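J.: Chains A and B, in that order, give the protein sequences. Its first residue numbered 1, the first sequence is counted upward by one per residue in full-length UniProt numbering. Its first residue numbered 1, the second sequence is counted upward by one per residue in full-length UniProt numbering.
Since the hints were made in silico from the structure, they are not lab data. These numbers were taken from a predicted model, which means no experiment stands behind them. Heads up, a few of these hints could be off.
[What the hints assert, rightly or not] Selected chain A positions facing chain B (in silico; Cβ < 7 Å): (1) A12; (2) R19; (3) E32; (4) I37; (5) V47; (6) R52; (7) L56; (8) V59; (9) V65; (10) L69.
[Unchecked claim] Away from chain B, derived, C-beta distances all over 10 Å, residues of chain A: (11) D7; (12) D9; (13) E23; (14) E24; (15) E53; (16) E64; (17) A83; (18) G84; (19) P89.
The beta carbon of each residue, even a glycine, is placed where N, CA and C say it ideally should be.
Here is how the chains run, residue by residue.
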Amino acid sequence: MSDNAVDGDEVAHIADLARIDLEEAEVERFTEQFGEILAAFEALDEVPETEREADLTNVMRPDEVRECLTQEEALQNAPDSEAGQFKGPKVS
Amino acid sequence: MGDYNAYIATDTIEGTDDGPLAGRTVAVKDNISTKDVQTTCGSAMLDGYVPPYDATVVERLKDAGATIPGKTNMDEFGMGTTTETSAYGAVENPVAEGHVPGGSSGGSAAVVAAGDADMALGSDTGGSIRCPAAFCGVVGIKPTYGLVSRYGLVAYANSLEQIGPIAPSVEDAAELLEVIAGPDERDGTTRDATDHGSDYDFAAAADGDVDGLSIGVPTELLDGADEAVVETFWDAIDDLQAQGASYHEVTLPSVEHAVEAYYVIAMSEASSNLARFDGVRYGKSGGEGNWNESFAQAREEGFGEEVKRRVLLGTYALSAGYHDKYYKKAQDARAWVKQDFDEALSDADVLASPTMPVPPMKRGESLDDPLTMYLADANTTPVNLANLPAISVPAGETDDGLPVGLQLVGPAFGEKTIIRAGSALA
Numbered sequence: 001m002s003d004n005a006v007d008g009d010e011v012a013h014i015a016d017l018a019r020i021d022l023e024e025a026e027v028e029r030f031t032e033q034f035g036e037i038l039a040a041f042e043a044l045d046e047v048p049e050t051e052r053e054a055d056l057t058n059v060m061r062p063d064e065v066r067e068c069l070t071q072e073e074a075l076q077n078a079p080d081s082e083a084g085q086f087k088g089p090k091v092s
Numbered sequence: 001m002g003d004y005n006a007y008i009a010t011d012t013i014e015g016t017d018d019g020p021l022a023g024r025t026v027a028v029k030d031n032i033s034t035k036d037v038q039t040t041c042g043s044a045m046l047d048g049y050v051p052p053y054d055a056t057v058v059e060r061l062k063d064a065g066a067t068i069p070g071k072t073n074m075d076e077f078g079m080g081t082t083t084e085t086s087a088y089g090a091v092e093n094p095v096a097e098g099h100v101p102g103g104s105s106g107g108s109a110a111v112v113a114a115g116d117a118d119m120a121l122g123s124d125t126g127g128s129i130r131c132p133a134a135f136c137g138v139v140g141i142k143p144t145y146g147l148v149s150r151y152g153l154v155a156y157a158n159s160l161e162q163i164g165p166i167a168p169s170v171e172d173a174a175e176l177l178e179v180i181a182g183p184d185e186r187d188g189t190t191r192d193a194t195d196h197g198s199d200y201d202f203a204a205a206a207d208g209d210v211d212g213l214s215i216g217v218p219t220e221l222l223d224g225a226d227e228a229v230v231e232t233f234w235d236a237i238d239d240l241q242a243q244g245a246s247y248h249e250v251t252l253p254s255v256e257h258a259v260e261a262y263y264v265i266a267m268s269e270a271s272s273n274l275a276r277f278d279g280v281r282y283g284k285s286g287g288e289g290n291w292n293e294s295f296a297q298a299r300e301e302g303f304g305e306e307v308k309r310r311v312l313l314g315t316y317a318l319s320a321g322y323h324d325k326y327y328k329k330a331q332d333a334r335a336w337v338k339q340d341f342d343e344a345l346s347d348a349d350v351l352a353s354p355t356m357p358v359p360p361m362k363r364g365e366s367l368d369d370p371l372t373m374y375l376a377d378a379n380t381t382p383v384n385l386a387n388l389p390a391i392s393v394p395a396g397e398t399d400d401g402l403p404v405g406l407q408l409v410g411p412a413f414g415e416k417t418i419i420r421a422g423s424a425l426a
């Protein structure tokens, strides 16, 4: 196993950053798999630094009012809403 | 209709009366938004989600007179190579019972292979159209990045994915591509093929004329492939040679690193894209607790294991201290792959390889071993990194009767070339 293999605490920390409340068994399973997968990703160390051609163009359109979803349509898939707004959990 | 679980829903959407696809059925992968018809991405997170608008490709299908017979099953959010990670159950391969149909557009390939739809749309982020096409013995096209609008495609990895056709023949696939291709003001990454040396007469290019065609065969994509697959591949090359094509070996050293680069980039983009599924705007509500607890609960319950795996690995690759080690290196690899393809295509019209290095796996075989499943994408992922078009056509079968696909890769906006070459075989 590589030096960079993750441990359980690290997986739990990443899960926290990603806002996924993993179960204990998942943390264990992922810890083992991530060691193997990240070791395979180490192969990227052999990649030479490569000139990246910046072939990018901005795509703009006039900022004009146009047809869009109604408030009702925009809210139709929200699990909870109130007074025409998304209703989320308490902040604090 | 077979019992191979290829449809998540069979709500019929009727097109206009007239048009080039009038009287034809085109099944649509369930990560493509259909107005008023449930779109789940194969995820419990989106169970019951009903888009208030159509994807651009769906509008174009309806305008072309196609009937959509249903939404097809898929690996959850497009994450998988076997169509076994769907929250709605695995799909059976209708032409090779007991084996997977390939993924992630496995439902789309299966309904075409079984004859339950005339054609279908899939999406291809790292091979998700070509892999199931190969495993089910049908034709799939991954278009040049920007040829087809992604508006209304639920995002997994924006810089890699394209919507494309799956059909029984190259000509049918080309005809469907003709309908969905073209710029869209709602997707700023679309480009007009006519600005890049092509027109949109894709179906007419399916004339089977390969006389004088120069085929490059990247040796790296044959190394390590299953013997029966390699044998079937060379038989197909012989067939093309007999019809007037010639082949030479080419080398693409960068592709050795493509599959790792692909997964780092795709997982990184996924970790960002899937942040929207929080149980507030849509998705399962996470219930009580503060904002973070509620989100984390909703995402634990709503996402399947493969999705969690990729979101976490993507979060890791982008996190402080690891960005340069994984993400930046993956971008270097991507640029290198692009250069390699450009060079190889400067003295070949198309590049040919087996689509998948292995025949269709047995069902259940690869689920416990994610790394092995990721490595199976070695031949398809380089094409997405380079944003090039590619087609998978049936090359024949192994002695055990399992379908083998041949992949042809062309230059950017070289759809007509790969269609012409592919049509000599299917």
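J.: Now tell me, hint by hint, if it's right for this structure.
T.: Results of checking the hints against the structure:
no. : hint : in the structure
1   : A12  : violated (10 Å)
2   : R19  : holds (4 Å)
3   : E32  : violated (11 Å)
4   : I37  : holds (5 Å)
5   : V47  : holds (4 Å)
6   : R52  : holds (4 Å)
7   : L56  : violated (11 Å)
8   : V59  : holds (4 Å)
9   : V65  : violated (15 Å)
10  : L69  : holds (6 Å)
11  : D7   : holds (13 Å)
12  : D9   : holds (13 Å)
13  : E23  : violated (7 Å)
14  : E24  : holds (12 Å)
15  : E53  : violated (8 Å)
16  : E64  : holds (12 Å)
17  : A83  : holds (15 Å)
18  : G84  : holds (14 Å)
19  : P89  : violated (4 Å)
Against the hints set out earlier in the document, violations occur for numbers 1, 3, 7, 9, 13, 15 and 19.
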